[in-house]
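S.K.: Read off the chains here:
2 protein chains.
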Amino acid sequence: MLKKYLMAPGPTPVPERVLLEMAKPMIHHRTDEFSKTFAEASAGLKKVFNTKNEVLMLAGSGTAAMEAAIINTLNPGDKVLVVDAGKFGQRWKNISKTFGMDVQVIELEWGSSVDPALVENFLKSNPDTRAVMIQGSETSTTAYHDIEAIGRIISSRPDTIFIVDGITSIGVHETKMDEWGIDVAVTGSQKAFMLPPGLAFIALSEKAWKFCETATIPRYYLDLKRELKNQLESTTAYTPAVTIINGLKVVLDMMLEEGLENVYKRHQINGDATRAAVQAMGFKLLPTGTPSNAATGFYLPEGFEGGKFVKFMREKVGITYAGGQDHLKGRIVRVSHLGYHDAFDTIVAISGLEMGLSRFGVKFQMGAGVAAAQEILKNYIGE
Amino acid sequence: MLKKYLMAPGPTPVPERVLLEMAKPMIHHRTDEFSKTFAEASAGLKKVFNTKNEVLMLAGSGTAAMEAAIINTLNPGDKVLVVDAGKFGQRWKNISKTFGMDVQVIELEWGSSVDPALVENFLKSNPDTRAVMIQGSETSTTAYHDIEAIGRIISSRPDTIFIVDGITSIGVHETKMDEWGIDVAVTGSQKAFMLPPGLAFIALSEKAWKFCETATIPRYYLDLKRELKNQLESTTAYTPAVTIINGLKVVLDMMLEEGLENVYKRHQINGDATRAAVQAMGFKLLPTGTPSNAATGFYLPEGFEGGKFVKFMREKVGITYAGGQDHLKGRIVRVSHLGYHDAFDTIVAISGLEMGLSRFGVKFQMGAGVAAAQEILKNYIGE
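Quick mapping for you: the protein sequence lines, in order, are chains A and B. Each residue of the first sequence is one higher than the one before, starting from 1 at the first, in the UniProt record's numbering. Each residue of the second sequence is one higher than the one before, starting from 1 at the first, in the UniProt record's numbering.
Careful: at least some of the hints might be erroneous.
What the hints assert, rightly or not - Computed Cβ-Cβ distance ranges for the label pairs, DEER-style:
| id | chain 1 | residue 1 | chain 2 | residue 2 | range |
| --- | --- | --- | --- | --- | --- |
| 1 | A | ASN230 | B | MET355 | 25 to 35 angstroms |
| 2 | A | GLY259 | B | PRO25 | 19 to 29 angstroms |
| 3 | A | ARG30 | B | ASN121 | 33 to 43 angstroms |
| 4 | B | ASP342 | A | ASP253 | 47 to 57 angstroms |
| 5 | A | GLY259 | B | THR288 | 51 to 61 angstroms |
| 6 | B | GLU383 | A | LYS36 | 37 to 47 angstroms |
| 7 | B | MET1 | A | THR31 | 34 to 44 angstroms |
Read the hints as simulated data drawn from the structure, not as lab findings. Cβ coordinates follow ideal geometry from the N, Cα and C atoms, glycine included.
Please take these sequences and the hints and turn them into a complete structure.
M.R.: Have a look at this one:
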């Protein structure tokens, strides 16, 4: 018997209630039955995004929504600022370059959170910047950027929009799209929304919808104006990912039953506990700025073969952690707190690290990580 | 109790074995476990497409793959020929126009199958045509186009590619991509592949891959060269639709266990039986050329309110048929034979038509449709 524990920052475990919902016989998408589910899911998404605007659903992965954010609002030659502090910052850069933007970059060490003043100063010197792109949580480094502060800086500028990849922040950290001045917010189904991958979400502010009016890059599948027209009537321009949307309705029911504040608090506590644990074991956290509550990354000892450890844990022990990407490959481990993840999942994640790393010859006081996590978690269980 | 029967041409019923496979706990996509499933699914797809080239999987609906077909192979200003004989022919036209092609059209009455000589003559007069686009089966009219004959015409022309929307023909009618000279073949998960929507497939011939070398339209999410590089190593550029791909592996096992020849024959027999039935009931078939075995469309009596009938059948009787689109709205009914559909599903579909239309006051000999279908089906049951 090998029980499986999915502890990587996406895809995340799907609750049994949602698996069973999605295992129901297929239904047709051009029906009142589906439109009702769609409308309910849509209303729930608005609550999570904290927006009065439509949150559009696209059949595709998060990258499709990132591309949609750019090609629907900007034009070739537009000056854009990308905060690049990890693999997904680089994705904003790559997509923008693909479509001919004039890409300016604030490049940071992996693990950093950007100082909002850097963005403010850039915009003062470059008032012709059409968009600022960033991650809420940079999944590759498990660092969080202060999108509230940056949003408030950009919101006073009528000719600049703020585009946020919230793929591992929305549903994890409270995100007040409208109040903070986020103009385009993007996320996907397989993170905080606890669903299989294949469904992406994107919401635009009124300012961003105005940008769409002058955006000339040809688009068809990812044409957001066409989707808006359809989705306002609780349908989609093209065949939607019916099953995942049916699951989404159940997920949103679960999140709203728990209470969004409690969802965010749960991620915070599991993040705090994991950070305390890996530090008690003597490891250095990867985030040097604000840590994200989506996942916790930490450095392995110098010369340790991280790839072998992650593979052993996944194949022989049953726990799927994430390793590092690009230059951090083999050098870090990332432990997810995303979605359907409780205090005891955190204990399992840390216990797996302790027993596994110990077998791989790493020295630390056995049990120190679990104990440190328990000191935090004990205050919340049974509440 | 209201049992549900999904008889519209997509989404189609998903076999229980596949629903249960997809209800298993989520797995991570960057693992040997998933890559093994991916590789097996990929090998199965090649058998259905009859191609030695890769069949790429994209997280998106069929329209995403249609757009990918165009933007990866063609350039703005390219002369393209679209065979427009229904709603999905129009989609080729719309996507091509969106990306600036010089769109030439062979426009046909809805229900017709194109005469391949029309395409041949066009290409003789327009040797600079870069692509011909068509549907294998035009879902809106249930007519089949002779893509083999057209493929053979185009295959001798090195500067013209043949792009086929096989969304309701691949897996229904035998499709020999390589032998017939199809350069780009596209389909989706929710038709013959008996899966939920959200996964699209696209395969390119060597000739089409050469066209990609000179194609300049910017593309990121739908960049097929990047996908090819990844998918040759049994992974994907962006997070794939994990659940549906796991289901695909099971579907392909089922199709190959049945034998592809038997799959096609089953669609043929259910199509023949349904066509015989609706004609025995006195209705006129919508296809005037070659009927598709994906679905059967027929005209309702003049003045009959088709929309009300389809709604009544779906909501009160439990059978989801499809009505007509655009100018055929309310005037036709389409009955699907796609995917997980056997002889008795055909009987249910026809019996539903007989009892339902009779209740709506349409006159015909009760039982004539079922009897006509049975005369055909009886020769195959138990074989």
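S.K.: Against each hint, give a clear statement of whether it holds in the structure.
M.R.: Here is how each hint holds up against the structure:
1. A:ASN230 - B:MET355: 25 to 35 angstroms: holds (34 angstroms)
2. A:GLY259 - B:PRO25: 19 to 29 angstroms: Check passed, 26 angstroms falls within 19 to 29 angstroms.
3. A:ARG30 - B:ASN121: 33 to 43 angstroms: For ARG30 of chain A and ASN121 of chain B the Cβ distance comes to about 38 angstroms; the hint holds.
4. B:ASP342 - A:ASP253: 47 to 57 angstroms: The hint (47 to 57 angstroms, Cβ to Cβ) is violated, given that ASP342 of chain B and ASP253 of chain A are roughly 36 angstroms apart.
5. A:GLY259 - B:THR288: 51 to 61 angstroms: At roughly 60 angstroms between Cβ atoms, THR288 of chain B and GLY259 of chain A fall inside 51 to 61 angstroms, so the hint holds.
6. B:GLU383 - A:LYS36: 37 to 47 angstroms: Since the Cβ atoms of GLU383 of chain B and LYS36 of chain A sit about 43 angstroms apart, the hinted range of 37 to 47 angstroms holds.
7. B:MET1 - A:THR31: 34 to 44 angstroms: Violated: the Cβ-Cβ distance is about 19 angstroms, outside 34 to 44 angstroms.
Comparing the model with each numbered hint stated earlier shows that hints 4 and 7 do not hold.
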